[in-house]
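Please model the complete structure; the sequences and the hints are all you need to start from.
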Amino acid sequence: MFSFARNFGVRLSGITARYSSTAANAEKTNTKTRFVSLALQNPTHPAAKPTYTAPASVSVPAQFKVNTRGQGLMQLIDKEEIKRYGADGRFNLFNKSHPDCLRPGDVLVVETLNSMSADKANTFIGVLIAMDRRGLHSSFTVRNVILKIGVEMKYMLYSPLIKSVRVMKRGEGFRRAKLYYLRDNPGRAFRLEGLIKQEKAPQTKATKRNKA
Amino acid sequence: MASLLSSVRVGLCANLKAESRSFATATAQLIVEVKNEETHGYTALQIGCSDRSEKNVAKPLLGQFMKAGVNPKRKLYEFHVTPDAVLPVGTELVASHFVPGQYVDCSAPTIGKGFQGAMKRHGFGGQPASHGTSVTHRSLGSVGQRKDPGRVFKGKKMAGRMGGDQATAQSLKIMKIDNELNLIYVNGSVPGVDDQYVKVQDAVKKRGDKIAPADVLPLPLPTVDPNLVKVMPRQLVAKTGGSDPYVVKE
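As they're listed, the protein sequences go chains S and X.
In case it helps, full-length UniProt numbering puts the first sequence at residues 1 to 212.
In case it helps, full-length UniProt numbering puts the second sequence at residues 1 to 250.
These are calculated hints, taken from the structure and not from any lab test.
Careful: at least some of the hints might be erroneous.
To be verified - Quick partial rundown of chain S residues pointing at chain X, CB under 7 Å, derived from the structure:
{"id": "1", "residue": "Pro50"}
{"id": "2", "residue": "Tyr52"}
{"id": "3", "residue": "Pro55"}
{"id": "4", "residue": "Ala56"}
{"id": "5", "residue": "Val58"}
{"id": "6", "residue": "Ser59"}
{"id": "7", "residue": "Val60"}
{"id": "8", "residue": "Pro61"}
{"id": "9", "residue": "Gln63"}
{"id": "10", "residue": "Ser115"}
{"id": "11", "residue": "Met116"}
{"id": "12", "residue": "Ser117"}
Every residue gets a Cβ at the ideal spot worked out from N, C-alpha and C, and that includes glycine.
This is the structure we're talking about:
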């Protein structure tokens with residue numbers, strides 16, 4: 001595709017799109033490339049300063065100001081990403097000093113999307129049995145017993161596929177951070193039919209109103 | 001030039017794509033200055049990474065740095081280039097040399113595992129755990145034939161030191177570039193440990209138009225214009241997503 005001189009025994013490594021022929025082509029289509037500054041195109045231009053417009057395949061996310069004070073590079077990156085993905089307030093679900101913080105034993109309603117391009121949402125109701133705090137990949141586990149089968153769902157807190165997390169009922173009397181013992185000794189923890197009915201009741205009332 | 005820069009592997013971080021499949025990326029700090037070697041029979045650029053104090057640099061090496069007029073560096077890499085991609089000595093290379101959506105190869109020494117047995121080192125099967133096997137559950141087994149050839153061939157896979165060799169992770173996509181911190185976020189695993197020098201180059205197996213999305217080509221040939229870098233936003237992310245192939249279209 002591109003012609004270039006191969007030196008004897010020397011592997012010209014990594015030469016793909018950056019050949020001299022490509023540079024020559026770039027010069028021909030000078031006005032179309034973004035990487036040639038205005039100063040080169042038109043030296044007499046008063047504001048001969050290059051401008052950058054992101055191409056279609058590159059997105060510019062919300063920019064944060066760098067603050068490396070008191071933290072290392074990886075911590076900084078983690079915090080910035082949490083700020084970006086937790087902008088809708090889901091950071092508060094794991095924030096102990098916030099009243100909306102989740103506690104093990106809460107009964108949650110989690111709505112998730114199947115994919116970013118579809119609008120259909122799945123709902124899962126269950127008891128929060130574990131919260132794993134890992135920065136950006138923090139997760140929580142929700143358990144329910146559906147048709148006599150125990151089902152646990154693990155959700156990544158900052159995943160864009162999670163539409164909403166709501167607390168239906170606050171847990172009382174759970175004295176552990178991880179409620180794995182509920183797998184063997186559930187007691188009455190998974191008697192959630194009443195709550196599920198409450199959840200669906202307003203929906204049925206709304207549909208009845210629409211029909212009438 | 002097509003070559004990348006020597007960079008320092010900083011660590012793994014989780015990242016969330018639009019489809020919410022998290023992948024690990026290794027961020028790297030970039031680059032340093034450039035040296036030329038044209039009277040040596042081949043055209044290459046010698047790039048140094050990470051400053052080092054003069055008192056810790058050997059005198060012969062220090063002489064080389066002084067001749068080039070640059071600060072002494074910890075690590076030097078050479079990249080073969082075509083003559084038109086040669087840069088002047090002292091040029092600083094930055095993260096924007098790469099473009100989000102581009103494919104790169106990352107080379108670095110692998111994590112050292114020490115002296116390891118054949119099962120871990122070469123993936124051998126070992127012997128059964130029971131049924132009379134005595135004391136040789138994880139051993140090599142046979143190493144050859146009998147009187148003919150009557151010897152063990154050179155290169156026979158056996159136990160020994162594992163790791164610490166150069167490995168190249170090929171065709172890793174650059175997901176994000178940070179101009180202020182000079183970081184590249186690369187999709188996938190990069191060999192080696194944290195804070196280790198990684199040689200990053202344009203992907204050898206993605207030739208021509210396949211190295212980057214079409215609207216981003218041509219890649220900045222000698223390197224990116226520093227004035228343009230000043231105007232660029234701090235972070236640039238390669239777009240992912242689009243229509244989900246797993247969603248049934250009705």
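Verification of the supplied hints:
1. Pro50: 5 Å, holds
2. Tyr52: Tyrosine 52 of chain S check passes; min Cβ-Cβ to chain X is 5 Å, inside 7 Å.
3. Pro55: 4 Å, holds
4. Ala56: This hint holds: alanine 56 of chain S lies near chain X, its Cβ roughly 5 Å from the closest one there, short of 7 Å.
5. Val58: This hint holds: valine 58 of chain S lies near chain X, its Cβ roughly 5 Å from the closest one there, short of 7 Å.
6. Ser59: Serine 59 of chain S check passes; min Cβ-Cβ to chain X is 5 Å, inside 7 Å.
7. Val60: 5 Å, holds
8. Pro61: 5 Å, holds
9. Gln63: Given a least distance of 5 Å, the restraint on glutamine 63 of chain S holds.
10. Ser115: With a closest approach of 4 Å, the serine 115 of chain S hint holds.
11. Met116: 5 Å, holds
12. Ser117: 4 Å, holds
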